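Given the coordinates of chain A, assemble chain B onto it according to the supplied hints.
Going down the list, the protein sequences come from chains A and B. Here the first sequence stands for residues 3 to 505, numbered as in the numbering used here. Here the second sequence stands for residues 0 to 571, numbered as in the numbering used here.
In short, the hints are calculated from the structure, not lab data. No experiment lies behind these values; they were computed from the predicted model shown.
Chain B stretches covered by chain A per the calculated footprint, using a threshold of three residues with CB under 8 Å from any CB of chain A:
1. 89 to 99
2. 388 to 395
A few chain B residues that don't get close to chain A, going by computed Cβ distances all over 10 Å:
3. R111
4. P119
5. T378
6. L400
Just so it is clear, CB atoms sit at the ideal spot from N, CA and C, and this is done for glycine as well.
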Amino acid sequence: MAEHEPPLERGPDPVIYTELERIEGPLVALVTALPGIGYGEAVEVVDRAGGRRHGRVVLLDGDKVTIELFQGTTGLGQDGERTRFLGRPISVRLDKNILGRHLNGMGEPIDGGPPLTGALYNINGTPLNPTARSYPQDFIQTGVSAIDAMSALVRGQKLPIFSSSGLPHDQLAIQLAQQARIRPELSRQELSRPELNRQEVSHPDVSREERSKEREGELVVVFAAIGVKHDVAVRFAREIAGQTVSFINLADDPVMERLLTPRVALTTAEYLAFELGLHVLVILTDMTVYGEALREVATARGDIPSRKGYPGYLYSDLASLFERAGRIKGKPGSITQIPILTMPNDDITHPIPDLTGYITEGQIVLSRDLFRQRIYPPINLLPSLSRLMGDGVGEGKTRADHHPLMDQLYAAYARAEEVRMMTRIVGEEDLTETDRAYLAFGHALEHQFIAQGESQERDIEQSLDLGWRLLGGLPLEELTRLSRQLIDDHRSLLEQGPPGEQP
Amino acid sequence: MSAHTTQISGPLVVCDHPAEFAMGDRVAVGDVGLVGEVIRITPHACYLQVYEDTTELKVGEPVTGSGGALSVELGPGLLASVFDGIQRPLELLRERAGDGIQRGIQAPALDRTRRWTFEPALKQGAAVNGGAVLGQVKETPAITHKILLPPHLNGTLATIADRGEYCLEEPIASVRDAGGETHPVYMFQRWPVRIRRPVSERLSPDTPLVTGQRVIDTLFPIAKGGSAAMPGGFGTGKTVTQHNLAKWCDADVIIYIGCGERGNEITGVLQDFPQLRDPRTERPLIERTVMIANTSNMPVAAREASIYTGITIAEYFRDQGLDVALLADSTSRWAEALREISGRLEEMPAEEGFPAYLPSRTAEFYERAGKVRTLAGETGSLTAIGAVSPPGGDFSEPVTLHTQRFVKAFWMLDRNLAYARFFPAIHPLDSYSEYAGELAQWWQNLEQTWHEDRSALVELLLEADKLKGVVRIMGEEGLSERQRKMLLAERVIKEGFLQQSAFSPNDRFASPQKQAALLSVIMGQVRRLLGDETPAAQATRHFQLDALIRLKDEQSSKEIEAIRAWPNTNPR
Numbered sequence: 003m004a005e006h007e008p009p010l011e012r013g014p015d016p017v018i019y020t021e022l023e024r025i026e027g028p029l030v031a032l033v034t035a036l037p038g039i040g041y042g043e044a045v046e047v048v049d050r051a052g053g054r055r056h057g058r059v060v061l062l063d064g065d066k067v068t069i070e071l072f073q074g075t076t077g078l079g080q081d082g083e084r085t086r087f088l089g090r091p092i093s094v095r096l097d098k099n100i101l102g103r104h105l106n107g108m109g110e111p112i113d114g115g116p117p118l119t120g121a122l123y124n125i126n127g128t129p130l131n132p133t134a135r136s137y138p139q140d141f142i143q144t145g146v147s148a149i150d151a152m153s154a155l156v157r158g159q160k161l162p163i164f165s166s167s168g169l170p171h172d173q174l175a176i177q178l179a180q181q182a183r184i185r186p187e188l189s190r191q192e193l194s195r196p197e198l199n200r201q202e203v204s205h206p207d208v209s210r211e212e213r214s215k216e217r218e219g220e221l222v223v224v225f226a227a228i229g230v231k232h233d234v235a236v237r238f239a240r241e242i243a244g245q246t247v248s249f250i251n252l253a254d255d256p257v258m259e260r261l262l263t264p265r266v267a268l269t270t271a272e273y274l275a276f277e278l279g280l281h282v283l284v285i286l287t288d289m290t291v292y293g294e295a296l297r298e299v300a301t302a303r304g305d306i307p308s309r310k311g312y313p314g315y316l317y318s319d320l321a322s323l324f325e326r327a328g329r330i331k332g333k334p335g336s337i338t339q340i341p342i343l344t345m346p347n348d349d350i351t352h353p354i355p356d357l358t359g360y361i362t363e364g365q366i367v368l369s370r371d372l373f374r375q376r377i378y379p380p381i382n383l384l385p386s387l388s389r390l391m392g393d394g395v396g397e398g399k400t401r402a403d404h405h406p407l408m409d410q411l412y413a414a415y416a417r418a419e420e421v422r423m424m425t426r427i428v429g430e431e432d433l434t435e436t437d438r439a440y441l442a443f444g445h446a447l448e449h450q451f452i453a454q455g456e457s458q459e460r461d462i463e464q465s466l467d468l469g470w471r472l473l474g475g476l477p478l479e480e481l482t483r484l485s486r487q488l489i490d491d492h493r494s495l496l497e498q499g500p501p502g503e504q505p
Numbered sequence: 000m001s002a003h004t005t006q007i008s009g010p011l012v013v014c015d016h017p018a019e020f021a022m023g024d025r026v027a028v029g030d031v032g033l034v035g036e037v038i039r040i041t042p043h044a045c046y047l048q049v050y051e052d053t054t055e056l057k058v059g060e061p062v063t064g065s066g067g068a069l070s071v072e073l074g075p076g077l078l079a080s081v082f083d084g085i086q087r088p089l090e091l092l093r094e095r096a097g098d099g100i101q102r103g104i105q106a107p108a109l110d111r112t113r114r115w116t117f118e119p120a121l122k123q124g125a126a127v128n129g130g131a132v133l134g135q136v137k138e139t140p141a142i143t144h145k146i147l148l149p150p151h152l153n154g155t156l157a158t159i160a161d162r163g164e165y166c167l168e169e170p171i172a173s174v175r176d177a178g179g180e181t182h183p184v185y186m187f188q189r190w191p192v193r194i195r196r197p198v199s200e201r202l203s204p205d206t207p208l209v210t211g212q213r214v215i216d217t218l219f220p221i222a223k224g225g226s227a228a229m230p231g232g233f234g235t236g237k238t239v240t241q242h243n244l245a246k247w248c249d250a251d252v253i254i255y256i257g258c259g260e261r262g263n264e265i266t267g268v269l270q271d272f273p274q275l276r277d278p279r280t281e282r283p284l285i286e287r288t289v290m291i292a293n294t295s296n297m298p299v300a301a302r303e304a305s306i307y308t309g310i311t312i313a314e315y316f317r318d319q320g321l322d323v324a325l326l327a328d329s330t331s332r333w334a335e336a337l338r339e340i341s342g343r344l345e346e347m348p349a350e351e352g353f354p355a356y357l358p359s360r361t362a363e364f365y366e367r368a369g370k371v372r373t374l375a376g377e378t379g380s381l382t383a384i385g386a387v388s389p390p391g392g393d394f395s396e397p398v399t400l401h402t403q404r405f406v407k408a409f410w411m412l413d414r415n416l417a418y419a420r421f422f423p424a425i426h427p428l429d430s431y432s433e434y435a436g437e438l439a440q441w442w443q444n445l446e447q448t449w450h451e452d453r454s455a456l457v458e459l460l461l462e463a464d465k466l467k468g469v470v471r472i473m474g475e476e477g478l479s480e481r482q483r484k485m486l487l488a489e490r491v492i493k494e495g496f497l498q499q500s501a502f503s504p505n506d507r508f509a510s511p512q513k514q515a516a517l518l519s520v521i522m523g524q525v526r527r528l529l530g531d532e533t534p535a536a537q538a539t540r541h542f543q544l545d546a547l548i549r550l551k552d553e554q555s556s557k558e559i560e561a562i563r564a565w566p567n568t569n570p571r
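Only chain A is shown next, with the shape it has when bound in the complex (with noise of 0.2 Å):
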């Protein structure tokens, strides 16, 4: 992530140069015997039709310099075009005036508004100093029960949706900007920062209108699509509101476009967050394209491959994007990620999603399983993990019964699948009381806690009292990651039991 040096000035005058001696491949161009050429630079390349087209300098040996063209290399020829070295690195404009555009996978505009202005920004950023992040742990509620209350979200986290093709990852994503909020009442201690002073103390009655005002006031959302379709793009453009800005990456704009959609995109984050001072969540879609288009362009170099043919430096390279989310020291604004991916084939494990875990801090996944039940969100609560939790919950957070909570139903929702395998095969005749308990718990779960309507809004105190309505169907002495004190004080949610069918 990029703490902002100061906006980079204008380079020296661009160097300008004629001839191209040789191109290879797709995507490579070769101009020699120039000097003073720095490893990153930008490049603007003017072709005989007069069409601009981007690219960076990947080499430097000697006086040769090679360039790698973002739009590609068919129509070069050797002589004829005019190929400008910009003297700094790939950077975007940014001043207050984004928010509300839209752009194009490059940050240029495609919403016929005026070209952007302000100061230059390098759009790889530069690493943040560990010593300079601020641990993320304050709850946002998405009202969305299997994620507040089993896979909590905190502001400055990075959270991925690992989906799969055909499955409502996009709904849920418009979902939870919508309804993401701080409920600074939860803590007291929250209350005495001047941040969250500014904004009136709500509760759970406020209505609805009420609550998205007072949304709009604190998430800005940077939507970055990278290689998605048309109307996926349109749709997220549509049904997102309030203050935005996004990044449209089709399906069919050049691939190489695709490295650069989500560093612009965060280096516009970093900008809203650190200087401007506000909450952005950032969403990215599709992460599997960027991961394949960094696989064509890792080819078309001949870097040698590794996994399924991904180049060794995925890894390095995801990175480099997922951590630039987070929280500074002293300054008030805050970047939550939440990129999305299709897991080819559904396969976790799949370099891609593999990757993505390794470096973010955790993942909802979605289930095709649930999603064919007619199950909305489709959230596989299992393979669901949030991280930054831990710390994010709990007394003076949510509420003090949250994580001992979140662990049982956890460890009774694994013995309930465990329980649904066995039947597979030896049917439910021949199971136990406990056994049975243990299914209807499973099923109830699905069904009542994770399922719930596309705009359907629960409080963490709805999502929690829910669970321990839910325990309720299991025989007490099952519950042995409670405490008998925690028992004792939910019992009487305990002795309702899960509720009807409607609930």
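Only chain B this time, still in chain A's reference frame:
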């Protein structure tokens, strides 16, 4: 004749005038002085691995050698500090350059201005050999830092400073060698990271490193001076387990290496460690900890170096006669950094693109662990515990396999346990420790029935695992009453003994006494359960098994008698 860059390809830079450099030399590259290391020398070119981003570097910029290999500074000021992979002090960098890590920024690893109270241990005229203890500094309330003579210096002590306050740049002694030459000695020394520090003798590990985690200490223990690896897919709790070991293990000094991992995790440690207290000294944990943080977005070449930087600092504390635990999370990222550099050097790849020297580098790293007699004649140990992140959770990949060959304890993290939020998710059957036999006597001295109880526990787990296979095909109807009760017993063992919550104030750390007492109480009840006629359906209630499972969370390590007295301590 000075050298200049001739070729730039990411972190690999080539310069001319190779005669000016030696392999492994630390170099400053370009006008801003990026830190690099010489990794190949050919007749006309010298190849450099650069530890910082090379964007904007140009051909023709100068390259200068520092005249020495990539080294670390060793002396007072290491503890409670956070360094990057090449030992730049991150907190100081932040003060000087802001929140981002700027390219080419330099700062001494150890604070030169801070004054330390030096207490001499030797007198003028004493004969001294390398590694001798010249004196000491109380670095933190928890750790007394011994000031050592650099390993290759022998002679007589020409001068030694009196007790008093000195900063690192003031010599505190001088040594006259056999040739009559006098060498000043400071409170700190430098050591090249890729070379192991000498010891007088290697000893066999025979004392457990008590981690406070029952599944490790009781089932798969590690000795002080041992080596262990912890492979696990993402989400199986590698990092949390590493953090728990860093928090609660009974080493004197902890070296924690965040190698290519998440920035927020380092921040979490930095937030927790000043507040958490070492159960033995009651001092904040940060006072015994050195952190190396080279997060995943920091340059990949420095990630490769971070492992060596960490282990060299660990050896230095070991040389003071301390027990040091080094935790590296994750060694897979280090191997990937090796692969990336190797690829740019166009070396022939072996398995999955990794270079052929991956096994030997892995072996070299883990062999730097050990229990030793130091040059000064004291006993010290260095325990190395590496996390491994196998792609796709597949334990047959090269890094896991090569690591497995060079460590003696192997803690396999299991995805299904993690899904049920059963932590530590160390698989109780697939994991192993070759130290178990060597350390049994230590436990036997603590608790007479320990060996017997532990064997019974392991047998029961094995037997129950077979029964579960039967249940999966035939249902519980296929089992006898006794077999059903064995499954109940297995559950008590897993949930009441092996599972241990990092969030449980009474149980996040379990002393060996608590572990032994709990083992004895649980196995006693299991024997009664299995030896009794009560049908399985009533057994949970009759034997209060749910209460037995909660015992671990209800009684802390201070309440051994209450644990032994169970079920009479049971409040129900």
